[in-house]
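As they're listed, the protein sequences go chains Z and V.
In this text, residue positions in the first sequence follow the UniProt record's numbering: the first is 1, and each later residue adds one.
In this text, residue positions in the second sequence follow the UniProt record's numbering: the first is 1, and each later residue adds one.
Hints listed in this document are in silico derivations from the structure and should not be mistaken for laboratory results.
Bear in mind that the values here come from a model prediction, so they are computed numbers and not experimental data.
Some hints could be false.
[Unchecked claim] When the alpha-carbon atoms are kept at most 35 Å apart in a straight line, the in silico DSBU-like pairs for lysine-lysine are as follows:
hint	chain 1	residue 1	chain 2	residue 2
1	Z	Lys-424	Z	Lys-371
2	Z	Lys-297	Z	Lys-591
3	V	Lys-91	Z	Lys-606
4	Z	Lys-591	V	Lys-70
5	V	Lys-123	V	Lys-91
6	Z	Lys-332	Z	Lys-309
7	Z	Lys-207	Z	Lys-217
8	Z	Lys-309	Z	Lys-207
9	Z	Lys-606	V	Lys-123
10	Z	Lys-309	Z	Lys-121
11	Z	Lys-591	V	Lys-91
12	Z	Lys-107	Z	Lys-121
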Amino acid sequence: MEDLGEIVGEFLMESHENLDQIDRDLVSLEQEPNSRDLISRIFRAIHTIKGTSGFLAFSRLEKLAHGGESLLSRLRDGVQPVTPETITVLLVTIDGVRALLSSIEEKGTEDEVDIDSILVKVNAQMNAPTAAAPAAAPAAAPAAAEAAPAPEGEAPVQLDETPKRVAPEPVAEQRQPLGQILVEAGAAQPVDVSSALQQQIEGDERKLGTILLEEGKTQPAAVSEALQAQTPKRSIADSAIRVDVDLLDTLLNMVGELVLARNQLVRGVMEIGDATLVRSAQRLGMITSELQAGIMKTRMQPIEHIWSKLPRVVRDLSNSLGKQVELVMQGKDTELDRSLLEAVKDPLTHLVRNAVDHGIEDPERRTASGKGPVGTLTLRAYHEGGHVAVEVADDGAGLDVDRIAQKAVEKGLLRPEQVPNMDKRDIMAMVFQPGFSTAAKVTNVSGRGVGMDVVKTNIENIGGAVSVDSTPGEGTVWRLTIPLTLAIIQALTVDCGDQRYVVPQVAVLELVFIDGNTTKVEYASGAPVYRLRGKLLPLVRLDRALGFEVGGDQGVYIMVLQADGRRFGLVVDRVLNTEEVVVKALNTRLKDIGLYAGATILGDGKVGLILDVSSLARRSHLAVDSERENVVANSRAAAGGGTERLLVTAVGERRVAIPLDTVTRLEEFPRDRLEHAGSREVVQYRGQILPLVRLSHLLGAYGEEIEGDTVSVVVYSEGGKSVALVVDRIVDIAENSTTARRDAEEDGLVGTAVIQQRVTELLDVRRAILAADPNFYNDTMDDMLVEA
Amino acid sequence: MASRQFATFEVAGQLFGVEVHTVQEVLSYNEYTPVPLAPAAVGGLFNLRGQVIAAVDLRVQLGLVRQALKGPVMNVILRGDGEPVSLLVDKIGEVVDLEDETFEPPPDTLSGPTRELVVGTFKLDGRLMLALDVNQAVDTYRATT
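Please build the complete structure, drawing on both the sequences and the hints.
Here it is as structure tokens:
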């Protein structure tokens with residue numbers, strides 16, 4: 001680009017933007033063929049390109065733009081109707097223009113791009129309905145001087161009545177009469193305005209507003225407001241300027257340097273202790289911080305920027321596949337840092353293509369399954385839990401979990417025996433494995449098994465995550481979770497111990513101050529809870545979660561947080577204020593801790609850690625608990641009381657039931673956390689050593705050990721002591737209201753029963769506990785005495 | 001004769017060096033944000049011109065007790081692999097030009113955590129400089145027992 005003038009560079013940039021807009025407008029035009037606004041807008045945009053290219057002597061570009069413009073003018077004048085074919089030809093024309101622009105940008109010449117075939121199509125389209133006039137073969141472009149607008153009539157495209165007519169400016173851009181504004185605002189009566197106008201006509205030289213005011217027909221405030229409204233608003237073009245991103249980056253770095261220098265200066269000034277100097281330094285500090293924040297914000301762009309190309313993608317693809325797809329976009333304004341936007345672009349486009357190709361069925365199949373023929377593809381972007389979530393949702397057939405499982409087994413990604421134990425979502429996640437595709441046939445769009453893994457890799461490279469969820473027959477939701485890196489979020493700063501932490505505001509529902517009298521923390525067998533409007537809220541102490549010394553329960557705050565659909569209270573020492581923070585990526589070394597979503601620079605220049613609310617909930621074992629609570633609540637609701645509730649677990653091939661009232665909690669431990677003490681297996685759990693007993697060993701059900709990364713255990717606690725029973729899997733919670741019941745002959749069981757149509761063994765809990773910890777019951781009494 | 005430039009610094013009285021091109025800058029900083037539950041070798045985080053940098057306590061990496069981080073501490077900021085990492089050291093030394101012939105592998109008697117971090121010994125006038133393996137030195141998940 002070095003030999004291109006500045007004007008050409010600007011022209012290229014501007015034209016690219018215009019083309020994107022034209023693309024969008026054309027797709028919308030197809031939906032509402034009668035919109036004259038749209039046609040005029042497209043016409044104007046093409047006209048601008050044509051005009052400038054003529055001026056810059058890009059004759060091919062001019063010729064092509066002229067062709068498109070001619071076709072458009074026929075649409076605008078109603079000579080021919082807007083049909084999908086016309087739109088296609090216009091889109092092809094736009095692509096041609098784009099190709100010319102790229103060629104100009106890269107090679108500085110437009111000679112190598114073929115435009116003739118496009119012009120033939122344009123001509124054919126113009127002549128199609130009337131079957132008139134010859135389609136002129138394009139002559140070689142005349143010399144640069146001749147390419148100026150004047151000799152345009154000689155351009156190869158025939159028919160040329162209106163090409164140079166610039167569309168009239170829309171009325172909105174002209175000044176509205178003051179009287180009209182006042183009447184519309186209800187600040188003056190139409191009669192008064194007309195009589196005032198009459199006076200003006202009759203020679204009154206006062207202004208309309210003055211007349212009305214002096215005659216007391218309206219209020220001064222209303223007039224000044226109307227005058228304000230009359231001055232044309234600055235259009236976006238006037239209020240925005242183009243800035244090179246490199247320049248922004250340089251500015252950002254320089255502001256960073258400034259911050260550092262400021263900090264040093266402030267320290268020096270503090271040592272000197274001169275009050276005036278200190279004030280100036282503080283002022284400098286504030287300005288610097290604001291400057292830094294401002295620069296950071298300039299890098300933020302709404303996600304609309306990368307969405308804008310998608311309507312075109314969806315249209316072209318659905319047309320070529322014979323599908324009907326409506327594209328819905330929600331949360332266009334969600335802002336992301338520029339660099340992240342770039343990184344998300346391709347994965348997003350891939351997901352959209354994939355959804356159109358595989359997700360949404362063709363109209364016949366949709367109708368057959370009772371859905372409307374038009375599929376809906378929804379793009380959704382929003383802030384969640386301190387991340388930006390971008391969803392691509394279709395209402396198509398959904399993922400076939402069995403097919404995926406089967407395929408995964410075929411490809412050796414899963415072993416057949418693993419499948420029945422796997423969560424549906426985990427199976428679906430197999431589609432992100434390299435080389436995995438369930439598409440029955442390979443299309444030019446997808447089915448070759450490249451793509452989903454690339455999506456995953458790309459998103460993970462920027463520290464994000466991809467997940468998929470699907471309901472058969474109802475559709476699939478692909479969700480990209482993009483980290484906060486560089487994003488600016490609203491956050492609350494809190495104190496814990498002598499450190500300051502940052503909690504994303506989106507996760508915060510409310511704050512409660514615990515004074516220890518009217519509001520207080522209570523304990524349910526050691527687990528802290530708070531009664532929030534009559535309901536128990538499980539609490540997590542931040543100091544405990546971070547491994548600090550645990551403080552008192554008085555004069556602290558509870559932040560009621562919501563993450564992953566679960567609600568819990570986070571106990572912190574102090575809540576300071578809410579502020580906008582710029583999220584920085586955490587060093588990769590520290591990501592593994594999992595407790596932090598990122599870091600930020602606090603107002604004083606220090607680094608503050610941003611807490612990852614959902615992982616905090618998980619780490620504090622809330623997730624498992626609340627799941628259990630849900631299950632329990634459901635089963636309670638399902639059956640009418642009186643019967644014994646059982647937790648049904650799988651141990652090898654057998655089903656073993658444990659009375660639910662002896663279950664304190666359900667846990668999953670990573671396998672590598674299991675340790676040995678003597679001949680026993682133990683695990684460290686909440687500061688205790690928790691003995692484990694494997695039910696498979698106890699019951700003599702030696703089978704193949706399931707090799708997961710985690711083990712499921714049922715924790716039983718009494719009087720401050722706990723044991724854990726290791727099972728292969730938690731199956732369900734069931735009511736034991738059956739009659740078929742036999743006493744057990746085997747050791748460790750109290751009997752067998754038929755539960756949910758299957759023979760289930762009832763565990764002798766006491767015996768199992770003694771197997772884990774022979775002294776379990778002996779010391780209990782003493783402990784309780786001590787506690788009492 | 002080939003020679004290399006080393007940036008030198010001291011930890012617990014021992015002179016260490018890293019090749020100059022691995023160093024982004026050297027500066028003293030005095031406010032570090034501790035990272036609870038992080039590996040012990042992570043001294044804290046600090047703000048380098050708007051960028052969050054993790055400081056690795058070289059003392060911990062060498063099997064010594066961690067720095068108190070009260071008052072200014074010298075940082076040797078290494079370019080790292082895409083993201084800068086800082087090494088907390090006691091004192092910054094000079095940049096020295098070293099001939100390859102003054103290099104020797106680490107002595108056999110050198111053992112413990114230090115041995116894993118050191119690629120070789122340079123014989124300077126009057127004292128020895130241990131050349132650090134930069135990647136090992138900033139690897140906070142290295143077992144330091």
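Given the hinted pair Lys-332 (chain Z) and Lys-309 (chain Z), is their Cα-Cα distance within 35 Å? Distance of about 13 Å is within 35 Å: holds.
So if I understand the rule, the pair passes when the alpha-carbon distance is 35 Å or less; does Lys-207 (chain Z) with Lys-217 (chain Z) pass? holds (14 Å)
Pair hint Lys-591 (chain Z) and Lys-70 (chain V), alpha-carbon separation not exceeding 35 Å: holds (26 Å)
Under the criterion that the straight-line Cα-Cα distance not exceed 35 Å, is the pair Lys-591 (chain Z), Lys-91 (chain V) satisfied? Holds. Lys-591 (chain Z) to Lys-91 (chain V) sits at ~30 Å (cutoff 35 Å).
Satisfaction of hint between Lys-123 (chain V) and Lys-606 (chain Z), Cα-Cα up to 35 Å: The given pair, whose Cα atoms are some 40 Å apart, is violated under the 35 Å limit.
Given the hinted pair Lys-309 (chain Z) and Lys-207 (chain Z), is their Cα-Cα distance within 35 Å? Between Lys-309 (chain Z) and Lys-207 (chain Z) the Cα gap is close to 49 Å, so the pair fails against 35 Å, i.e. violated.
Do the alpha carbons of Lys-424 (chain Z) and Lys-371 (chain Z) lie within 35 Å of each other, as the hint requires? holds (25 Å)
Check whether the Cα positions of Lys-107 (chain Z) and Lys-121 (chain Z) lie no farther apart than 35 Å. holds (26 Å)
Does the alpha-carbon distance linking Lys-123 (chain V) and Lys-91 (chain V) stay inside the 35 Å limit? Status holds; Cα separation ~19 Å.
Checking one constraint from the list: CA of Lys-297 (chain Z) to CA of Lys-591 (chain Z), max 35 Å. Satisfied? holds (25 Å)
Holds or violated: Lys-91 (chain V) and Lys-606 (chain Z), Cα atoms, limit 35 Å. Distance of about 23 Å is within 35 Å: holds.
Would you mind confirming whether the straight-line C-alpha gap from Lys-309 (chain Z) to Lys-121 (chain Z) stays at or under 35 Å? holds (24 Å)
Hints 8, 9 from the list above are not met by this structure, while the remaining hints are.
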